[in-house]
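A.B. asks: Below, each chain spelled out in residue letters.
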Amino acid sequence: MSEIFAALFLFAGSFFMFLAGLGTLRFPDLFSRMHAATKAASFGIGLMLTGLVILYFSWYLLIMSALIIFFIFITAPVAAHMLGRAGYLLQVPLYEKTIADEMADVFERSSSHES
Amino acid sequence: MTTNLSPLLQVAIYASFALLFLGLFATFLRLLKGPSLPDRVVAIDLFTMFVMGIIILYSAITGLTIYMNAVFVLAFIAFMGTVAFARYLEKGTES
Chain G
23 MSEIFAALFL FAGSFFMFLA GLGTLRFPDL FSRMHAATKA ASFGIGLMLT GLVILYFSWY
83 LLIMSALIIF FIFITAPVAA HMLGRAGYLL QVPLYEKTIA DEMADVFERS SSHES
Chain H
81 MTTNLSPLLQ VAIYASFALL FLGLFATFLR LLKGPSLPDR VVAIDLFTMF VMGIIILYSA
141 ITGLTIYMNA VFVLAFIAFM GTVAFARYLE KGTES
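Order-wise, the sequence lines are chains G and H. One gets the working numbering by counting positions in the first sequence from 1 and adding 22 to each. One gets the working numbering by counting positions in the second sequence from 1 and adding 80 to each.
If you are wondering where the hints come from, they were derived from the structure by calculation, not from laboratory data. Check before you lean on any hint, since a few could be wrong.
[To be verified] Capping the alpha-carbon separation at 27 Å, the derived lysine-lysine pairs in DSSO-like fashion look like this: (1) H:Lys171 to H:Lys113; (2) G:Lys61 to G:Lys119; (3) H:Lys113 to G:Lys119; (4) H:Lys113 to G:Lys61.
Just chain G, with the same shape it has in the complex (with noise of 0.2 Å):
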């Protein structure tokens, strides 16, 4: 019984990384790239360290997964928040359809709104 709960977790877990990866190649800008990147790959190694702990039971391996997956999703955060800002700084073009830009009135950009 619970190796179909581990192989479930384990699928799982890799098809959203392959999203992840998927919207990394097809998004239209930096940001929805970016969106991608980060909040999909952290889920899926989460689910995947989950199938494994179902798969082989043992206390070490139970707080080594917790402290993984407690510092990925402190860190992804964080670090997708400073590479975006540096991408805005960067004058990155944003994608033509974006309707909400709310660091304009801080930061002045050159050149907005183009794809």
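Chain H: place on chain G using the hints.
C.D. replies: Relative to the frame of chain G, chain H by itself:
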């Protein structure tokens, strides 16, 4: 090397390997053609995530859970590299 996994689990793990390598290939294409430097940094960050997933699958198929140490170190190095790149890019805009 324990190979006494059930056939369902073996099929699931090999299909997961295929999905991870497809995603790795898509990320590699983005790394090649990314129009700006932050795009390439996002692709490199996602590379490390995929390598972590591949190590997790490898330890699932062999039963060697000691590889979780490598996953932890890779997560730390990916965070440090991305933060260093973002700081470097942001400092470049001020001067």
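A.B. asks: Sort out whether G:Lys119 lies within 27 Å of H:Lys113, counting only the CA atoms.
C.D. replies: 22 Å, holds
A.B. asks: Assess, step by step, whether the Cα of G:Lys61 is no farther than 27 Å from the Cα of G:Lys119, and give holds or violated.
C.D. replies: Satisfied, since the Cα-Cα distance of roughly 22 Å is no more than 27 Å.
A.B. asks: Would you mind confirming whether the straight-line C-alpha gap from H:Lys171 to H:Lys113 stays at or under 27 Å?
C.D. replies: 24 Å, holds
A.B. asks: Within a Cα-Cα threshold of 27 Å, do H:Lys113 and G:Lys61 meet the stated pairing?
C.D. replies: 22 Å, holds
Going down the numbered hints, you'll see the structure goes against none, and every one checks out.
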